[in-house]
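Chains as they are written, first to last, in my numbering: chain A, 1 to 336; chain B, 1001 to 1498.
Do not rely on the hints blindly, as some may be mistaken.
Residues of chain A clear of chain B, computed beta-carbon distances all greater than 10 Å [stated by the list, open to error]:
1. E56
2. I149
3. T174
4. W196
5. A215
6. I224
7. T293
Here are the simulated BS3-like cross-link-like pairs (lysine-lysine), alpha carbons at most 30 Å apart as the crow flies [claimed, not checked]:
8. A/K199 to B/K1159
9. B/K1432 to B/K1260
10. A/K199 to B/K1119
11. B/K1348 to B/K1387
12. B/K1445 to B/K1260
Derived from the structure by calculation, the hints contain no laboratory data. Only a predicted model underlies this, so the values are computations on that prediction, with no experimental measurement involved. For every residue, glycine included, the Cβ atom is placed at its ideal position computed from N, Cα and C.
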Amino acid sequence: MTLRSSASKLWIGLGRMDGEWRYMLADRVSFIVACVMLLFLLVTYRAIRKNVFSLEELNLDTAAAMTLLLAATGQTIVLLSGGIDLSVGGMISLGTALAATRFGDRPGTEAVWAILIVLIGLAAGIINGLIITFLRLQPFLVTLATWSILSGIALIVLPTDGGTLPAGWIAFGTASLVGLSSSVWLLLALLLFWGWFRKTRLAITIRATGSMENAVRLSGGSLILVKMATYGLSGIFASLAALYLSIQTGTGLPTAGNDYILPSVAAAVIGGVSLFGGRGGLVGTIIGVAILTIVGNLVFVLSVSSYWQPIVSGVILLLAVLATSLTEKSVRRGIV
Amino acid sequence: MDSIHASGVSKRYGGIKALCDASFQARWGEVHALLGENGAGKSTFIEILAGVIRPDAGTISINGERFRASSPREARSFGISACFQDLPLIPDMTVEENIWFRHEPLSRFRTVRSSSMRKATLDLFAEYQFPPLVPGREVRHLSLSERQLVEIGKALALKPSILIFDEATSALGRSETAWLLALAKNLAESGRLVIFISHRLDEIRRIANRVTVFRNGSTVSVYDVPDVDDKTIISDMLGRPLDLLYPERTDAATSTVALKVQNLTLNHRLDDVSLDLHEGEILGVAGLQGHGQRELFHSLSGVNRARACIELWERRLVIRSPRDTLLGRAGVAMVPEDRGTQGLLLSKSVRENLTLSSVDRLTRFGLIVKAREAGLVEAICRSLRIKALSEQLVSFLSGGTQQKVVFGKMLLTEARVLLLYDPTRGIDVGAKAEIFQLMRDLAQKGYAILFYSSDLAELVHVADRVLVFRNGRVGMVLQGERATEDHILRAMIGKDAV
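Please model the complete structure; the sequences and the hints are all you need to start from.
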C-alpha cells in the first residue's frame, strides 16, 4: 500500500517537474548549434548551386568526407574518454604506405594486408593506451610521440608519394548498390555501429572515464582496459581511414595522414564533443565532418583560392565553440 | 556471530600512520556509529572495508569468512557497499546512469536497456521512499544534497547487507537528513548492518545502537549508545575533555554598519533582501535548502550578479565579480560551502593556497617576494594553529586543517567583512570549537561576520542575531532569548514562531 502510493506520488511529482526540457536543452546545446550551422551552410550551398540535394551529390560528398569521418570516429571515442589521439595522422600515413607497397605483391593478398594494417592500428593504439595508463603521461604528449614514430616508419616503408594499388581494390571506391555509393553504405554501417556501441557498457565506461576517472575506479572498473580499448579503437578507425584513403587516391601517400590530425579533432568539437571528455557522440561528429566538407565545397564552387578553406574552417570552429559556450551559459543561468 | 570482526588493522601512507592496530566489531541488525576527529582513521578504515585500499596488516572477517578485498568489486561480493563522503559521481551522466553504473540491465546485444533501467530506478526510489529526484537529469545540474541522494541510491542499488554512510548527512538538508536517519534505522531493523559516520552527536543518539570511537588511527572505546553521555564520547575523541564547544558570548557589536545591503534582488532566488551587518557582530543566517541563503552569499561575494544597493563601511560598492570584493581592509572575503572545489586548490601547497587571494600584496615588479610571503604564511599558520608544513599539499590534510587554511586565505586578504558559509561542514568537534573561538576573537577585533550554518545549534550559540530566510526573503529576525532552535526551525518552515 505505502509502496504503491509513494510510487504514484513520484509519478505525479515527475509530471509536475516543469522546465525539465531546459535541462535537456542545456545538455544538447552544442549539438543543436552544429545542426543549425549545417542547415545554414546547406541553404547557402543550395542558393549558389543547383542539385545540392541529389543522390549524386550525397554519393560524392560522403566519399570526399569518408577518410576524415573514419579518423574522426576514432578521435571522438578518445575525446569522450578525456584524451586526445594525435597518432591517427601517423597511422593513416603508415597505412597508405603499407597498402601502396604491399597490396601489389601477389594478387589476392589485399585482404590479408588490409586485415594486417587494421591489426597494426589496433596494436599501436593499445600501446598508446598502455603508455598513458602505466607511465601516467599526458595523452597529448604520448600520441605526439607515437605520431612521430609512425610517420617515420611510414617514410621508411615508402620514402616518396607513389606506388600503385590493384584496380580491384580501387574499384571499391566507385562501387554502388541500389544507387548508393560504397561510401554511403559505409556511413550507414558507421551509424549502425554507433547505435549499438554507444549503449554498450564499454562505451558508457569510456564516457565516464572522461567525466570522472575516480568514479570508474571506485565502481570497480579497470582504467587500463578502458584506455587500451579506447586508443585501440582509435587505431582501428585510423587504419580504416588509411585504407579508404588508399582506395580513393590509388596511390601511397606517406605524409597524407598529417592533414587529418587536427581536422579530426575540429570536426568532433564542432559537433559538440567536449575536449574535456564525457560529452558528445558520433552523430555530432558526423555533422561536424559534414560542415567542414561543405565549407570545402563552397570554397570550390565560389572558385576562390583553396587557401580560404582552412580560414573559413577556423572561423566556423570559433563560432561553434563560442555559440555553445554562450548558449550554455544563458540556458544555465535560467536554471541554476 | 559478529557481522564484522576486525583486529590489528594498520595502514601507513609514507611516514604517516593512518591506522594503527585498529579493531572493530559490529553485529547484524545494528546501526553502528563510527566516531573520531578528522584524521582519526575512520575514512581509511571505511576505504579498506569498501575495497578501495588494502591494509598493511590485520585481519578482517565478515560473517566469519576471511575478508580480503583488493577492489571495490570484491568488497561488493561480501555484500558491502559504501556512500563516500567526496561523492565520486559522474557529472556528465544522468542520475539513473550513475546509480546503475557498471551493473546496468543489458539486452541480448549487450547494450543497456534504458526502459528497464528507468523502471528499476523508480522502483528503487519507491521502495526506499526517496526524496524527489529526476532520474533522467544529469548529475552536474544537481545540488550537493541531491548528489548525496544519488550516492545513497547507488549504494542501495547493490542490495548490500552491510551499508556504510560516510558523513552522508553533512551534505543533506533537514528533511533529507530525517529521511536518511529513518532509512538507516529501517535497514538495521531488517537485519542489515549500517555503519554510520557523522560528526553530529544528536544524530548518532537518535539512531545508533553502539558507537566505536577512533583516535589517532586506533580504537579507543566502544559503547552502547544509551549508556554513554556526550561528554565521554567527545573526550574519547579528543583525548582530553572538551571544556566548551561554544565560546562565551561577548557583546562586541558596535553601532557602525560594516555592510549595508538594501533591496537585493536576484531573478527568482532573492526578493528584496535588506540587512545591516555591524562591526563586531556575528550575524547568523538560517534557512532550508534553496530558500536563498546560498544566493545571498554568492551575491555578496560577486559569484552571482544581483541587483542591489550595497554599502561597505559606508561606501557604495558595485559587485560584479569576486575581484570587486578584494579591496584590502575595505573588502569582503568568503569561506565557501565546499572547501574541496571552491575554497582550495587541492593539488597545491598550504603556502600557495594561503596567499592565493592576497598575492598582489606580496609582489615587487610582478614577482612574488619569497621572504615576505614566507613571513606572512608563518604568522598566519601560527595564529590559526595550522598544523602543517607550508609546502605540504593541501589534499593530504584533514578536513579541519583544510578549513583552517581556507580561513587563513580569507584573513590574509585583510578584509574585515567575512562571509562564512557553513564553515564547520564535515569537520570534527575539536576543530569546530577552534573555529567558533576564532570567530569570536575576530568579532572582538571589530570584524563583521555573516554566518550561515546548517546546524541550528551553532547559530543559536554563536550568532548575535539570526536572519531566517524563507522563499528568498528575510522571513524573520531572531535575537537574544527568542533565538532558540525551535523558533528558528518554525520560521524556516514558515510556521509562525511565538
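Inset, instruction - Classify the label on A/I149 as holds or violated, using whether its beta-carbon is more than 10 Å from each beta-carbon of chain B. - result: Non-interface label stands for A/I149: nearest chain B Cβ at 31 Å, farther than 10 Å.
Legend entry - A/T174 and chain B, when compared Cβ to Cβ, separated by more than 10 Å: holds, 33 Å
Inset, instruction - Decide if the proposed pair is consistent with the structure: A/K199 and B/K1159, CA atoms, cutoff 30 Å inclusive. - result: Holds, at roughly 24 Å.
Legend entry - Distance restraint between A/K199 and B/K1119, which requires alpha-carbon spacing of 30 Å or less: At roughly 17 Å apart (the allowed maximum being 30 Å), B/K1119 and A/K199 satisfy the hint.
Inset, instruction - Taking the shortest Cβ-to-Cβ distance between A/E56 and chain B, state whether it exceeds 10 Å. - result: holds, 35 Å
Inset, instruction - With a cut-off of 30 Å on the C-alpha distance, tell me whether B/K1348 and B/K1387 pass. - result: holds, 16 Å
Inset, instruction - Would you mind confirming whether the straight-line C-alpha gap from B/K1432 to B/K1260 stays at or under 30 Å? - result: This hinted pair holds, its Cα atoms lying about 29 Å apart.
Inset, instruction - With 10 Å as the threshold, tell me whether A/T293 passes as away from chain B on beta-carbon distances. - result: The claim stands: A/T293 keeps its Cβ more than 10 Å from every Cβ of chain B (closest is about 28 Å).
Inset, instruction - Grab the minimum beta-carbon distance between A/W196 and chain B and tell me whether it stays above 10 Å. - result: Contrary to the label, A/W196 does not stay out of reach of chain B, its closest Cβ about 6 Å off (not over 10 Å).
Legend entry - Whether A/A215 stays farther than 10 Å from all C-beta atoms of chain B, as the label says: violated, 4 Å
Legend entry - Verdict on A/I224 as a residue remote from chain B, using beta-carbon distances over 10 Å: Its Cβ never comes within 10 Å of chain B, the nearest being 13 Å, so this holds.
Inset, instruction - Sort out whether B/K1260 lies within 30 Å of B/K1445, counting only the CA atoms. - result: holds, 19 Å
Checked against the numbered hints above, the structure violates hints 4 and 5; every other hint is satisfied.
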